[in-house]
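Enquirer: Chain by chain, the residues run as shown.
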Amino acid sequence: MTSMKILIVDDSITIRRIITNALKTVGFPETVEAANGRDALEKLTTTNVDFIITDWNMPEMNGLDFIKQVRANPIFSALPILMITTRGTEHDVIEALQAKVNSYIVKPFTPQELKEKIEGILKTVQVNTI
Amino acid sequence: MKQQELDGILQKAAELKVFCEYGERTVPVIDEIAAFVREISPAIEDLRAVVEVSMVNIPKAAEQLGRVTQATEQASTDILNTLDRMMATLDEVIGSVASGMISSDLGAATKKMAAIVKSLVDKSGWDEDIVKLAEAWDFHLQSMRMSGPTSNLERLLKDLQNDCTEIMLALQVQDITQQHIGAVMGTIQAVAEGLRKLTTGFFSTMADENLPPLPPLLIQPDVENVGDVERKKMVEALLSKARAGQL
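These protein sequence lines map, in sequence, to chains A and B. Numbered per our numbering, the first sequence spans residues 268 to 397. Numbered per our numbering, the second sequence spans residues 7 to 253.
Isolated chain A, as found in the complex (with noise of 0.2 Å):
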């Protein structure tokens, strides 16, 4: 099992559950919640956080304007980040790309494709950098 603590910002606190329990299933028990956008920035600032996993639609500020502002922050831009939404369409997918987001899945989701996206977004990560 990794450490790697991983963020999940979802307004709904059934998903928010649910995704914590998918993750410690395939291997990532540390995380921390928060329930919007604003509430997501401000958990930044105060835990170490190695990947982001947000909804889209959220009170306060929505995903992808936490997206953007993530990307914004020279401390925080490199983090991973993958949108789960029940945002589908194509339009959908290509402005969350444009924003920098690293993957996408559309609910609902299993805890295999979970994982396989997380792994995937760690390999180009680390491609990255190298």
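Worth flagging that the hints you see were computed from the coordinates, not collected in a lab. Bear in mind that the values here come from a model prediction, so they are computed numbers and not experimental data. Treat the hints loosely; a few may be bogus.
Below are the DSS-like pairs computed for lysine-lysine, each with C-alpha atoms no more than 27 Å apart in a straight line [as the list claims (entries may be wrong)]: (1) Lys367/A with Lys238/B; (2) Lys367/A with Lys382/A; (3) Lys335/A with Lys374/A; (4) Lys384/A with Lys18/B.
With chain A held as given, fit chain B onto it using these hints.
Expert: Just chain B, lined up with the frame of chain A:
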């Protein structure tokens, strides 16, 4: 009368003549417009009545749907809590089964037997037959752990654990339906707001400040169908294009 004054009067008369001619053309048009307004005003009045009722009912419907969402989220949380307890119990039982202890009674009995066999071996001074008994007991214990009911039980328990995980994942539907409900409410609210603006200009018997406020739109009314295999394939295709620098 001076010529200048006469010219001024003639000018005014000509202007008056143009005005009257214009009036002759416009009066029928104004009559038609008035007839049209008289004809549609009952329909506008009916529409206004419907919109007024909707402006009261739509916030109530939004509130009710909000309560539905809260209730389903609470139910999902309760199910997740129960599943967490089940998974923890299953972990414990699987651990016990894997270490060969099917039940605490059987485990205690097994330990006792092992102690008795060892004592026998020591007391007999490593008598050949007693040593063979000890070896046979050891083999039997290993067999119990590696095959038969124990391994089947472990497999069944792990299947139960997987079923718990499946139930947990199925609860994602609560979030998806909440988003769909929000999108539907958003569409209804947008239509209602449009109708309200349309009918407000005709009548002012119900002032805007007497209408209950519409709840805020959390989700834009454009959430499309999600979760289907084609949608995921499309997303993966776009991600591949992005990685290849084609986007």
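Enquirer: Taking the hints in turn, state whether each one holds.
Expert: Taking the hints in turn, this is what the structure says about them:
Note on lysine 367/A and lysine 238/B: the hinted pairing holds, with a Cα-Cα distance of about 19 Å set against a maximum of 27 Å. At most 27 Å may separate the alpha-carbon atoms for a hinted pair to count; lysine 367/A and lysine 382/A meet this at roughly 20 Å. Of the supplied pair hints, the one linking lysine 335/A and lysine 374/A holds, its CA atoms being roughly 22 Å apart against a limit of 27 Å. Of the pairs offered as hints, the one joining lysine 384/A and lysine 18/B is violated, with about 86 Å between alpha carbons and a cut-off of 27 Å exceeded.
Checked against the numbered hints given earlier, the structure breaks only hint 4 and satisfies all the rest.
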